[in-house]
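> The chain contents come next:
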Amino acid sequence: MNEEQKKQIHEKYQRALQKGERFWPDSIYKDLVVSFGIFILLILLATFVGVPGEPKADPSDSSYVPKPEWYFLFLFKFLALYGQLPVIGKVEWIAAVLIPALVLIGLFLLPILDRNPRRHYSRRTLALTIMAVFVVSMVVLTILANIPLTADENGRMTLPTRLQLWAGLFLPAAVYILLVLYALLAKRIGPLTGRLQVWTAAAGSAGMLALMAVVLAIAPAPEVAESRVAGTLAEQIAAGQELYALHCVECHGDDGTVTLIQGVEGLEGTVVSPINSQDVMYTFTDETLANIINYGQQSLGMPPFGKAYGGELGPSEIGYIVTFMRYSWDDRMEMPAEAVVSLPLPAPGEAPSYDVHVQPILQRYCVSCHRAGKENGGLLMTSYEETLTTGDYAGRTIVAGDPNSYLILVINGTPITDPATGEVLIRQMPPTRLMPPEYIDVLTRWILAGMPRTAEDAQAVSPTP
Amino acid sequence: MWKKFYAWLDERLGLNDLYKATLDRPEPKGNWWNTLGSASLFLFLLQGVTGIFLTVYYTPSPDHAYDSIQYIMNEVAFGWLIRGIHHWGATLMVLVVFIHMLRVFVTASYKYPRELTWIIGVGLLLLTLGMGFTGYLLPWNQRAYWATTVGTEIAGAVPFIGGFITRALRGGEDLSALTLSRFFSAHIWMLPALLAGLIGVHIYLIVKHGESAFPDRED
Ligand code: HEM
Numbered sequence: 001m002n003e004e005q006k007k008q009i010h011e012k013y014q015r016a017l018q019k020g021e022r023f024w025p026d027s028i029y030k031d032l033v034v035s036f037g038i039f040i041l042l043i044l045l046a047t048f049v050g051v052p053g054e055p056k057a058d059p060s061d062s063s064y065v066p067k068p069e070w071y072f073l074f075l076f077k078f079l080a081l082y083g084q085l086p087v088i089g090k091v092e093w094i095a096a097v098l099i100p101a102l103v104l105i106g107l108f109l110l111p112i113l114d115r116n117p118r119r120h121y122s123r124r125t126l127a128l129t130i131m132a133v134f135v136v137s138m139v140v141l142t143i144l145a146n147i148p149l150t151a152d153e154n155g156r157m158t159l160p161t162r163l164q165l166w167a168g169l170f171l172p173a174a175v176y177i178l179l180v181l182y183a184l185l186a187k188r189i190g191p192l193t194g195r196l197q198v199w200t201a202a203a204g205s206a207g208m209l210a211l212m213a214v215v216l217a218i219a220p221a222p223e224v225a226e227s228r229v230a231g232t233l234a235e236q237i238a239a240g241q242e243l244y245a246l247h248c249v250e251c252h253g254d255d256g257t258v259t260l261i262q263g264v265e266g267l268e269g270t271v272v273s274p275i276n277s278q279d280v281m282y283t284f285t286d287e288t289l290a291n292i293i294n295y296g297q298q299s300l301g302m303p304p305f306g307k308a309y310g311g312e313l314g315p316s317e318i319g320y321i322v323t324f325m326r327y328s329w330d331d332r333m334e335m336p337a338e339a340v341v342s343l344p345l346p347a348p349g350e351a352p353s354y355d356v357h358v359q360p361i362l363q364r365y366c367v368s369c370h371r372a373g374k375e376n377g378g379l380l381m382t383s384y385e386e387t388l389t390t391g392d393y394a395g396r397t398i399v400a401g402d403p404n405s406y407l408i409l410v411i412n413g414t415p416i417t418d419p420a421t422g423e424v425l426i427r428q429m430p431p432t433r434l435m436p437p438e439y440i441d442v443l444t445r446w447i448l449a450g451m452p453r454t455a456e457d458a459q460a461v462s463p464t465p
Numbered sequence: 001m002w003k004k005f006y007a008w009l010d011e012r013l014g015l016n017d018l019y020k021a022t023l024d025r026p027e028p029k030g031n032w033w034n035t036l037g038s039a040s041l042f043l044f045l046l047q048g049v050t051g052i053f054l055t056v057y058y059t060p061s062p063d064h065a066y067d068s069i070q071y072i073m074n075e076v077a078f079g080w081l082i083r084g085i086h087h088w089g090a091t092l093m094v095l096v097v098f099i100h101m102l103r104v105f106v107t108a109s110y111k112y113p114r115e116l117t118w119i120i121g122v123g124l125l126l127l128t129l130g131m132g133f134t135g136y137l138l139p140w141n142q143r144a145y146w147a148t149t150v151g152t153e154i155a156g157a158v159p160f161i162g163g164f165i166t167r168a169l170r171g172g173e174d175l176s177a178l179t180l181s182r183f184f185s186a187h188i189w190m191l192p193a194l195l196a197g198l199i200g201v202h203i204y205l206i207v208k209h210g211e212s213a214f215p216d217r218e219d
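Protein chains in written order, with this note's numbering: chain L, 1 to 465; chain Z, 1 to 219.
Check before you lean on any hint, since a few could be wrong.
[Unchecked claim] Partial chain Z-side listing against chain L, Cβ under 8 Å, derived:
1. W8
2. E11
3. N34
[Stated by the list, open to error] In silico BS3-like links for lysine-lysine, alpha-carbon gap of 27 Å or less:
4. L/K6 / L/K19
5. L/K67 / Z/K20
6. Z/K4 / L/K30
7. Z/K4 / L/K7
8. L/K19 / L/K7
9. Z/K208 / L/K12
10. L/K7 / Z/K3
11. Z/K3 / L/K12
12. Z/K29 / L/K7
13. L/K12 / L/K30
14. L/K6 / Z/K4
15. L/K12 / Z/K4
16. Z/K29 / Z/K3
17. Z/K29 / Z/K4
18. L/K19 / Z/K20
19. Z/K208 / Z/K29
20. Z/K29 / L/K19
21. L/K30 / Z/K208
22. L/K67 / L/K30
23. Z/K3 / L/K6
24. L/K19 / Z/K3
25. L/K30 / L/K19
26. Z/K4 / Z/K208
27. L/K30 / Z/K29
Hints in this document: simulated from the structure, not taken from any laboratory. Just so it is clear, CB atoms sit at the ideal spot from N, CA and C, and this is done for glycine as well.
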């Protein structure tokens, strides 16, 4: 740029200032309006959308699918697509380092690389079209980020994967090449150059967006692994209680009082210290408790539960269990009022239903043993159908209206014995300690009423007052 | 009384000159797109204020980071609001800074005499992304941990020195307490200090050259 051009630019700018406005108050008022709008928007987002919860970091859980912050997704997807290319796809640094570095250097040096002194849009078609295609491809890559790249049995890319490669890599690359080519041949093409560039960029962008729409329509939806995240203390305690009921009740009982394990394969008759005692609660810190659950005490019979040690619990879940134990059994802690949730009980005379009353009781007292993979006489209780149909004594265990159903007998503390030999076939249930009478009553009334499933079914069989 | 006080101050501080130079300057006819720069500045300041509040309770150690964030969300009065604003503010800042860059690009405001303003601007964009990257790890949750594992791994693709860069970022072979304290200090000291300094230069240049006029057919 020569001195003459510089002078012209300054003179033109002075003329623009003459016709212009003052920063204070003309422009700053717009600035303040926009900033204030953003502030309000942020408060609304924080209040009504909030920050989504996530479980605590678990370095051992390498099955976790990493999700970068959304504004890095386009890069992430670009790398993934690039990795699908034959031969050069293996040279990772080209995509991970070289290309981003070139883009960045181009961006930094833009004012020096762009020697075109003109500023109006009609004179800058090359720069504007390249940037437009770049932004569209960023959007496309971001939206496609969650769609998996898959191969068929022969190891060849599936159709959605190939379409993604076109939408995210080949098409934009082809458009850049064409745009630059037009510019190089501008002298030959003449005044048509600008229009060609605009049309090519528009067609290329439309093609990328169309391919993206097709991929979204035909690609299998990505699986979202939902892991439960409890926010407030009450939620954490509730989550902890559920996890405790599922994983710990079989050995330690519903309230941690068990001293002699019964009904557990391989641990029959093992002595345990009651884990709800002051001994345990006062001597073990939260961290020690979490460690015991994480690593187990293999030599004593306590299995490890942490994912890193072959169990199925992550650090957040173990944390919830510890919180539950602490608030329920440590007499120095006070259970927050909103965390006290008692199981729903039916009104006198009302028939209990599976959905409302029975399922929560089974969940808390029985499912820990009565689920697949445990010693339980074949009786599974994770769903309505299972509860009614499984078990070595199915047909006698739960009989509609029969007060001598085995289930009613065992939960009342009457073991089932073989009439011929007197051998105990089924112990009392739960084997270590009976449930509180009100829950025994619920299960008994449920069977007597014919095992209604939903609240409506129960309503139908309740005697109308 | 007030006038006298002001005159006294003005004599020593040069308030009037300051006012003329920064606020009472002429500008070409404005446009709503030109508010995005100041919106970026506003977001930077807001992130600073909310971030300072967060550091009161946040603990940058793998054992306590997660729980301290949980504490901020559930126990601290308005902690959820402060964290919510900081979280969404980060997202919005990246978006606003990027659109600000696009508008500067579209109006070709990076041309003479504003080349340096642009170059410093690109630095600001990178620093803003760096803030996003380092801040993402701090809650020490699954998302944070694994995204950072992969993110730092990508740096390992640099020929020859890749391994060194990854180790320098992580402070060792794997993500650890060292990584967290490195990211924390980058997020609350190094990057913001650089950002603040460069924003200062950026704005000095804008005041010096004035806001560019919208290009017309003659440009
Ligand atoms: C933290 C980030 C940033 C802040 C706080 C910031 C702040 C500002 C402000 C307040 C203005 C004047 C108002 C306006 O034109 O909108 C401005 C103008 C400008 N910014 Fe930025 N900016 C940032 C990032 C960027 C980026 C990423 C670029 C480009 C790569 C950039 C390039 C420019 C240029 C060239 C101008 C002059 C525009 C003109 O005179 O018309 N800035 N910036």
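> With reference to the structure, classify each hint as holding or not holding.
Now for the hints, and whether the structure bears them out:
no.: 1; hint: W8; result: violated, 23 Å
no.: 2; hint: E11; result: violated, 22 Å
no.: 3; hint: N34; result: holds, 7 Å
no.: 4; hint: L/K6 / L/K19; result: holds, 21 Å
no.: 5; hint: L/K67 / Z/K20; result: violated, 49 Å
no.: 6; hint: Z/K4 / L/K30; result: violated, 32 Å
no.: 7; hint: Z/K4 / L/K7; result: violated, 44 Å
no.: 8; hint: L/K19 / L/K7; result: holds, 19 Å
no.: 9; hint: Z/K208 / L/K12; result: holds, 17 Å
no.: 10; hint: L/K7 / Z/K3; result: violated, 43 Å
no.: 11; hint: Z/K3 / L/K12; result: violated, 40 Å
no.: 12; hint: Z/K29 / L/K7; result: holds, 21 Å
no.: 13; hint: L/K12 / L/K30; result: holds, 25 Å
no.: 14; hint: L/K6 / Z/K4; result: violated, 45 Å
no.: 15; hint: L/K12 / Z/K4; result: violated, 42 Å
no.: 16; hint: Z/K29 / Z/K3; result: violated, 33 Å
no.: 17; hint: Z/K29 / Z/K4; result: violated, 36 Å
no.: 18; hint: L/K19 / Z/K20; result: holds, 19 Å
no.: 19; hint: Z/K208 / Z/K29; result: holds, 17 Å
no.: 20; hint: Z/K29 / L/K19; result: holds, 7 Å
no.: 21; hint: L/K30 / Z/K208; result: holds, 21 Å
no.: 22; hint: L/K67 / L/K30; result: violated, 37 Å
no.: 23; hint: Z/K3 / L/K6; result: violated, 44 Å
no.: 24; hint: L/K19 / Z/K3; result: violated, 33 Å
no.: 25; hint: L/K30 / L/K19; result: holds, 18 Å
no.: 26; hint: Z/K4 / Z/K208; result: violated, 31 Å
no.: 27; hint: L/K30 / Z/K29; result: holds, 12 Å
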